[in-house]
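First to last, the sequence lines map onto chains R and Z.
Heads up: the first sequence at position 69 corresponds to 69 in the working numbering, and the numbers run straight through without jumps.
Heads up: the second sequence at position 55 corresponds to 1055 in the working numbering, and the numbers run straight through without jumps.
Hints in this document: simulated from the structure, not taken from any laboratory.
For glycine and all other residues, C-beta sits at the position ideal for the given N, C-alpha and C.
Check the hints yourself; a few may be wrong.
To be verified - Incomplete in silico selection of chain R near chain Z, CB under 10 Å:
| hint | residue |
| --- | --- |
| 1 | E129 |
| 2 | V132 |
| 3 | L227 |
| 4 | G285 |
| 5 | A289 |
| 6 | A338 |
As the list claims (entries may be wrong) - Label pairs and their in silico Cβ distance ranges:
| hint | chain 1 | residue 1 | chain 2 | residue 2 | range |
| --- | --- | --- | --- | --- | --- |
| 7 | Z | E1143 | R | P149 | 52 to 62 Å |
| 8 | Z | E1143 | R | G112 | 40 to 50 Å |
| 9 | Z | G1105 | R | R18 | 22 to 32 Å |
| 10 | Z | R1023 | R | T128 | 49 to 59 Å |
| 11 | Z | P1132 | R | D160 | 23 to 33 Å |
| 12 | R | A11 | Z | S1203 | 29 to 39 Å |
| 13 | R | H297 | Z | A1131 | 25 to 35 Å |
| 14 | R | R349 | Z | C1204 | 43 to 53 Å |
| 15 | Z | G1105 | R | T128 | 32 to 42 Å |
| 16 | R | T353 | Z | R1023 | 29 to 39 Å |
| 17 | Z | P1132 | R | A11 | 52 to 62 Å |
| 18 | R | G112 | Z | L1024 | 50 to 60 Å |
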Amino acid sequence: MERLIAVWCPALLHEGERGEEVREFARIVSVAESFCPWVDTVRLGVCALPSRGPSRFFGGESMVVAKLAAALAAGAPGAGEGDGGGVYVGAADGLFAAVLAARSRLTVPRGGTADFLAPWSVAVLRRTELAVTLQRLGVRTLGQFAALPARHVLARFGTDGAACHRVASGSEGELLGLRDPGVDRRPGVARGDEDEAERPHQPGFFGGRSAADVRAASSFARVQDRLGVEEVLVGRLQGGRSPAERARLVPWGSRGTAGPDSTRSERATARRGDRAAPAPAPWPGRIPAPSPVRVLHSPVAVEVVDRSGCPVRVNGRGLLASEPALLSVDGGPWQEVAAWAGPWPATERWWSTRRRRARLQVVTGAGMATLLSAERERWWMEGVYE
Amino acid sequence: MKRPQLPPDLAARARPVSTAAVRLLPLSAPLGPLFPDGALRRGTTTVVTGVPGLGATTLALALLAAPSTSGSWCGIVGLADPGVAAMAELGIDLSRVVLVPRPRGGWAEAVGELLGGVDVLLVRPPGSCRAPLARRLAARSRERRTALVVLVDRVGDWPEAPDLVLRAAAASWRGVGRGHGYLRGRLAEVQVVGRRSADRTTSCRLWLPSGTGCVAAVAAPAPADPEPAPAPEPDTAPERVAGAVSGVG
């Protein structure tokens, strides 16, 4: 179980109309971040930071707790009073015990979690139904609850009750639902770290991620929350002939992208891979650079006709049967064909589903260049050079 | 009495480097002359516009190339069907660019979120953007010091007065004939209209893209174009942009 230092601000637990609480909490989080970069905003008014790193730096956990409490109280609006500006700091094993320790301004020694939790009421578990039942059974404190045999708790109260039991007995650090998922993003939005935003990209220690990386990753994750994972994408290059085949869009955070959960070595390979990517193996028949800036997700039907109005075909030798003169995209108005290049025939996948296609670059009279492909006597628009 | 000769590099050395330089994002060399500082300034809005086909999309994507390779995070919202191969050819580091091609109803939300996370955000609004929304997004980009690049078909589609307008005014493709050759490059004319420190109207000729797929400067002022350039777009209003200064500061 990780040893945590928790900060508890009772005045900031609920967001008011004007959002002052969020701003004040954002300030507290940024003060805490000056002690340790991995500050976890548990919910509005509660944040936690790991104890180990700062303790080694500041010379002991009690020093960190004292310094943090002093730093937080110094900037608080009601500074000077004896209550430390309404900010409570404490340390214990696991998040649940650490928050309770913060409420009593205590530092619970390592291994003393169960003893510390024992006198607290079962109501602090925030499971109303469980607490009511337990109190009717005469089990009023966490210590009494923890003393019950685990298998009986599981049989009577189910998996959630068993999780509460593990937390009460100090063998698990965190209760499901202790966090407020909505709050986590708000302090981050309210935090106005302009100086940091402007700082050029300093890599984190030991090849870790810089603050900009973390900020970018969290904003991508929030967009994924809103729109769906498949909507936030990263481009990858791969071998192929057509522009559509040469690239692939993968969701942000999937394997190999520098996503939030990727390991350091994965990020390194992702970085290396993209450096190496512009020189892939040769693909004979590939359309040379420049590639179309828009590659259509689903090709659009195009009609190409010659001077006499007959559709232009690609014959068996891979040549145009007649000169293209007019072009209509998706049933739209006819546009004059000013220049064209190709066709470049390609027979692909002859071993399975054979596809015979011929590609043609066309520039219309208005200066719009498109990449067309002919397949089974029909023309499709694959890309646009916008 | 003659003053002592000052070392020639003294001015460069005495110039404050940290304060101003961190507000600027690098740009690839051919694009430098388009911008007042020779670089993309954080917190500003740049509108890239032009008739489809004249290279506006290429120009907008090219603005991401140097920032992404220098380690900045970039985002692209609303650009449906992006050509990833073309982006790589433009010199964009794909591992630093996140795309939201089809945000549908969540367009404004996605833009708002990403403005807080990336350094350069390329945005293609769906149709025209409502004025209050545009104002809010521009304000957020200023607050978060993100360079916002807006790609629209007409300047009026972005109602907020931008800091700089780049307009792909005319273009002609090279390398392709009637049935021979292949597309080797597009010679484009880009007009720049700015305000505040960039209050000027200039135009510049660029390969957009060149034969390797990246943006390149035209070596010499090109002689009269043998091919007739397409007529300039009637509905771009540089006066309107230059005049609409008030309200944003």
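Tested hints:
no.	hint	result
1	E129	violated, 36 Å
2	V132	violated, 41 Å
3	L227	holds, 5 Å
4	G285	violated, 12 Å
5	A289	holds, 4 Å
6	A338	holds, 9 Å
7	Z:E1143 to R:P149: 52 to 62 Å	holds, 57 Å
8	Z:E1143 to R:G112: 40 to 50 Å	holds, 46 Å
9	Z:G1105 to R:R18: 22 to 32 Å	holds, 29 Å
10	Z:R1023 to R:T128: 49 to 59 Å	holds, 53 Å
11	Z:P1132 to R:D160: 23 to 33 Å	violated, 46 Å
12	R:A11 to Z:S1203: 29 to 39 Å	violated, 59 Å
13	R:H297 to Z:A1131: 25 to 35 Å	holds, 31 Å
14	R:R349 to Z:C1204: 43 to 53 Å	holds, 45 Å
15	Z:G1105 to R:T128: 32 to 42 Å	holds, 37 Å
16	R:T353 to Z:R1023: 29 to 39 Å	violated, 54 Å
17	Z:P1132 to R:A11: 52 to 62 Å	violated, 34 Å
18	R:G112 to Z:L1024: 50 to 60 Å	holds, 54 Å
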